[in-house]
Each structure stands twice: as structure tokens, then as C-alpha cells.
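Given the coordinates of chain A, work out where chain R should sit on it, guided by the hints.
First to last, the protein sequences are chains A and R.
This note's numbering puts the first residue of the first sequence at 1, with every later residue one more than the last.
This note's numbering puts the first residue of the second sequence at 112, with every later residue one more than the last.
Mixed in with the good hints, there may be bad ones.
In silico BS3-like links for lysine-lysine, alpha-carbon gap of 25 Å or less [claimed, not checked]: (1) Lys182/R x Lys41/A; (2) Lys17/A x Lys3/A; (3) Lys41/A x Lys122/R; (4) Lys3/A x Lys168/R; (5) Lys168/R x Lys122/R; (6) Lys17/A x Lys56/A; (7) Lys68/A x Lys3/A.
If you're looking for bench data, these hints aren't it; they were derived computationally from the structure.
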Amino acid sequence: ELKVEQNPLFLSMQEGKNYTIYCNYSTTSDRLYWYRQDPGKSLESLFVLLSNGAVKQEGRLMASLDTKARLSTLHITAAVHDLSATYFCAVVTGTASKLTFGTGTRLQVTL
Amino acid sequence: DTGVSQDPRHKITKRGQNVTFRCDPISEHNRLYWYRQTLGQGPEFLTYFQNEAQLEKSRLLSDRFSAERPKGSFSTLEIQRTEQGDSAMYLCASSFPRAFHRTGELFFGEGSRLTVL
Numbered sequence: 001e002l003k004v005e006q007n008p009l010f011l012s013m014q015e016g017k018n019y020t021i022y023c024n025y026s027t028t029s030d031r032l033y034w035y036r037q038d039p040g041k042s043l044e045s046l047f048v049l050l051s052n053g054a055v056k057q058e059g060r061l062m063a064s065l066d067t068k069a070r071l072s073t074l075h076i077t078a079a080v081h082d083l084s085a086t087y088f089c090a091v092v093t094g095t096a097s098k099l100t101f102g103t104g105t106r107l108q109v110t111l
Numbered sequence: 112d113t114g115v116s117q118d119p120r121h122k123i124t125k126r127g128q129n130v131t132f133r134c135d136p137i138s139e140h141n142r143l144y145w146y147r148q149t150l151g152q153g154p155e156f157l158t159y160f161q162n163e164a165q166l167e168k169s170r171l172l173s174d175r176f177s178a179e180r181p182k183g184s185f186s187t188l189e190i191q192r193t194e195q196g197d198s199a200m201y202l203c204a205s206s207f208p209r210a211f212h213r214t215g216e217l218f219f220g221e222g223s224r225l226t227v228l
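Isolated chain R, as found in the complex:
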């Protein structure tokens, strides 16, 4: 297990289509986060899971966005009826809370870049 992996790395879609991104965290990490980064900005928090429970959602996460982590392992982020404003890099990160509080380690994946035409 080499780290957090995300798929696809790039997605180009037409406005109005649905897209889904997948994140596989590091295997023993039970916390998983989604962030969104638009061009020229810092990443913004979207949501996070502890195991399979979605514990917090940002107000940035409109009704068109849904995230799941059904078995507490991988997570999916779906965007329905995409809009041009959804074009961004979607970043996934994971951590193990005890290690996080001791060392602060938070591991980011390579990101999934979405372009909505």
C-alpha cells in the first residue's frame, strides 16, 4: 500500500452530466476527507468520514454533491448535473486519528481534476 489513490486522475465532461470520483485511503486510516481546489486558490474542505459515517459537510457541498464511504474503506464523491463552476481539483486525504494527534500526519492523494465544458 503506497498511499492514498484517486481515480480518475482527469475527467472532462459536458455540463449537465454526472461524474463520480473514487478515493482509496491508506488501509488502516479510518478518517477520510474530501477537499476541492479551484485554480489559484487553496484547497477548501468539503466533507469528512470517520469509518463509514459522514460526520461533517461544508456548506460548499450543494445538493448536487454526494459522498459515500459504504464499508469504511474507499469513498466516492458524485457530482450530479455538473456545472462549469464545478471545474476544480478534487483532493482526498486520510489519517489515523491517534497518529494524527501525535504526529499530525495527513496524507493527500494525487487528486482528480474535473473540467466541465
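Okay, chain A solo, but in the shape it has when bound:
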């Protein structure tokens, strides 16, 4: 059974600091997603990583994928309060292209 684990589960960080969220998964996949979710809201797509070594950046967020290590990272640079949310990684498996989500990382950026 595929397992997708994120760490940390909760992250409190000050504005202006850098940090990395890690996503490990237990089976082969060449496609990984990062989503943001605000409280009570649906999922907002941040990044789709389609191959080994893929790196994508948007604003203060940068995501990378290492399929050999089965690891993806979401790096936050100079955090701002607006980044406070829960971040999920998700891995595609099977012919149905269904997503298996990680446990989520709740990010709180303090002033």
C-alpha cells in the first residue's frame, strides 16, 4: 500500500525565515503534486512535478522532485504571513491516475 509522509506536520516560523517541507513516498511514481489549502477551503494547485529532477518555482515557494529517493521538497524563502496554510503533497498511482495525499503540513508564519 502506498504511503505518503510529510514532515514536519506542523511548522511555526517567523516572517523572513527559510524552511523546507519534506514529502516521502513509498512506491515508484514519476508525478508529484503540491497543493495549498486554507481553512475550510478546497485545494489550490501549486506545482506539478512530472519527472525526476524537476524543479519549479513560484514566488517564495520552490518545489523539487527526486524520484530515485522518492522524495520531494517544498522550500519556503523569506516567509510572509500570507503563506500560512496547510500544504499537501500527493503522488499519482495506477492507471486511474488517482492521487494519494500526504498527511499535510500546517504552516503558521508569525510576525
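Relative to chain A, chain R alone:
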């Protein structure tokens, strides 16, 4: 067409009642997925359709749950004899397989939040 829409957005019901949620995918998308998300957890796959055919169901989908997509367009998810454990956000997503394999785009709706009292 602005995206995947779901209705109702919120539903409060008493235990034992039946509820139905509707999802309208993006018009050219022939794949449609249902996920369930409980508080503090990531979404979990429930089922998916390719056109009108329901091709996979999770073991999470008990006999009280049924999903349909009669004409390959909108889909409904019905929960019979609701239980408090059914309280969750029910998310619908859609994709177009060729685009999905090229770009990985999967579009989620705003979700339908169910509260069972």
C-alpha cells in the same frame, strides 16, 4: 465555464437521513473523481469515472455510498442513512486524460461540507 462546481457547499443533516451531492466538472473533462477529507487529514480517494463508467471504487466507499455519472457529464454522490463518521468535506475533481498525462492538470472543486448531527 469557470471550473469544477459542487453543490451544495454546506449540508447539515441528522443521523439517519440521506444526502446527495452534485459535481459539475469542466465541460470537456471526461474523468471525474470523488475524494473525502476529514478534519486534519489529507483527502482520500473514493471513486472515479471515465465518462459514464465508474471504473474504480475505494474500500472506503461502503454500501451506504453510491456515485453515478449517468450521461458522462455531472456526477452525484449519495450517502444513505448518514452516520456521524460521514462528516467530512467531499471534494470533486476532473481531468482530461491527454492533458493530464502531458501537464498533470487536475482541477478540484470547492467541496461540499457535510455535518451529521
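Hints, one by one, checked against the model:
no., hint, result
1, Lys182/R x Lys41/A, "violated (29 Å)"
2, Lys17/A x Lys3/A, "violated (30 Å)"
3, Lys41/A x Lys122/R, "holds (15 Å)"
4, Lys3/A x Lys168/R, "holds (18 Å)"
5, Lys168/R x Lys122/R, "holds (24 Å)"
6, Lys17/A x Lys56/A, "holds (20 Å)"
7, Lys68/A x Lys3/A, "holds (16 Å)"
When the structure is compared with the earlier hints, violations turn up for hints 1, 2 and for no others.
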